[in-house]
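A.B. asks: Sequence:
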Amino acid sequence: MKYSNENNNTLSNAGGHFTVIGAGPGDVELITLKAIKALQSADVVLYDALVSVELLDYAPNAEQIFVGKRKGCYAYQQEQINELIVSRAKSHGKVVRLKGGDPFVFGRGAEEMEYAAAHGLQVAMVPGISSCLSVPASQNIPVTKRGASESFWVITGTTKEHKLSADVALAAKSNATVVILMGMSKLSQIAELFRAEGKAETPIAIVQNGTRKDERIAVGTIASIEDEVAKQQLANPAIIIIGEVVKHRARILSIAQNQELQLSK
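Okay, so the sequence shown: first residue is 0 according to numbering that gives the first Met the number 0, each after it adds one.
Rather than coming from a laboratory, the hints here were simulated on the basis of the structure.
Among the clues, some could well be false.
Have a look at the derived ranges for each label pair, beta carbon to beta carbon [to be verified]:
| no. | residue 1 | residue 2 | range |
| --- | --- | --- | --- |
| 1 | Gln231 | Lys172 | 24 to 32 Å |
| 2 | Ser86 | Glu225 | 45 to 53 Å |
| 3 | Lys144 | Gln256 | 33 to 41 Å |
| 4 | Asp56 | Glu196 | 45 to 53 Å |
| 5 | Glu243 | Ser263 | 45 to 53 Å |
| 6 | Gln258 | Ala136 | 15 to 23 Å |
| 7 | Gln256 | Glu225 | 25 to 33 Å |
| 8 | Leu262 | Arg194 | 40 to 48 Å |
Fair warning: this is a prediction, and the values are worked out from it, not measured in the lab.
All residues carry an ideal CB built from backbone N, CA and C; glycine is no exception.
Just need the whole structure built from these sequences, with the hints factored in.
C.D. replies: Given below as structure tokens:
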């Protein structure tokens, strides 16, 4: 196995070609130009549930196969997806795996690349804009800010064993911003860990369908967020952001409102 001269992100092997692409957080305009070019040259596109289907318009001549899951219902099991990648690459040529966000952040992009490479395919990776950064940003919430947060954690809320990650308890002890993906079903446990650290009044925001037209948000404190979520009936897919940086959103909104008032006088 060696690096291809055409693209230093591509590992060369005999056989078909497999590219993992990050589609970004949901807004179709947040996909990269490099990803669009890969879609345009694809013979087959295997896409996930969190991918905006409008992006498939960039691959009009490709076979398009939905392999995602919705509410626990799988179109394909992971083993079947792996086999599909290899079989389609060998029969069709270029297979693109279109995954939400960045496939190397709590996706299975790395696993699928390993499987494809082990079965003789050329493999490549096109990074995407991760939801852990872009969704907070879309709501004017920075994950770091001088005087408020010097670092941030990005944690999966639900592990392979369907339990809350032990890293959440460690993160709750720090002053860092904590971003939790796939954690809505564990919100009560998460809130309890932060309360145990004396952080009941720590700001928290939860964004559902981030960067999409149907984006919704609940903002509160650790003490109040469960009531806010119930009131607004938020559910997955959603991202949880915990920390003092959440206050930045209210400051920006306040400044904007004051400017509007000044202009209207």
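A.B. asks: Now tell me if each hint is right for this structure.
C.D. replies: Taking the hints in turn, this is what the structure says about them:
1. Gln231 x Lys172: 24 to 32 Å: Hint holds: Cβ distance 29 Å, inside 24 to 32 Å.
2. Ser86 x Glu225: 45 to 53 Å: Given range 45 to 53 Å: holds, Cβ gap about 46 Å.
3. Lys144 x Gln256: 33 to 41 Å: The hinted range 33 to 41 Å is violated for Lys144 and Gln256, with Cβ atoms some 21 Å apart.
4. Asp56 x Glu196: 45 to 53 Å: holds, 47 Å
5. Glu243 x Ser263: 45 to 53 Å: Violated, since Glu243 and Ser263 (Cβ atoms, about 32 Å apart) do not stay within the stated range.
6. Gln258 x Ala136: 15 to 23 Å: For Gln258 and Ala136 the Cβ distance comes to about 21 Å; the hint holds.
7. Gln256 x Glu225: 25 to 33 Å: Hint holds: Cβ distance 28 Å, inside 25 to 33 Å.
8. Leu262 x Arg194: 40 to 48 Å: Holds - the Cβ-Cβ distance for Leu262 and Arg194, about 43 Å, lies within 40 to 48 Å.
In this structure, the hints that do not hold are numbers 3 and 5, in rising order.
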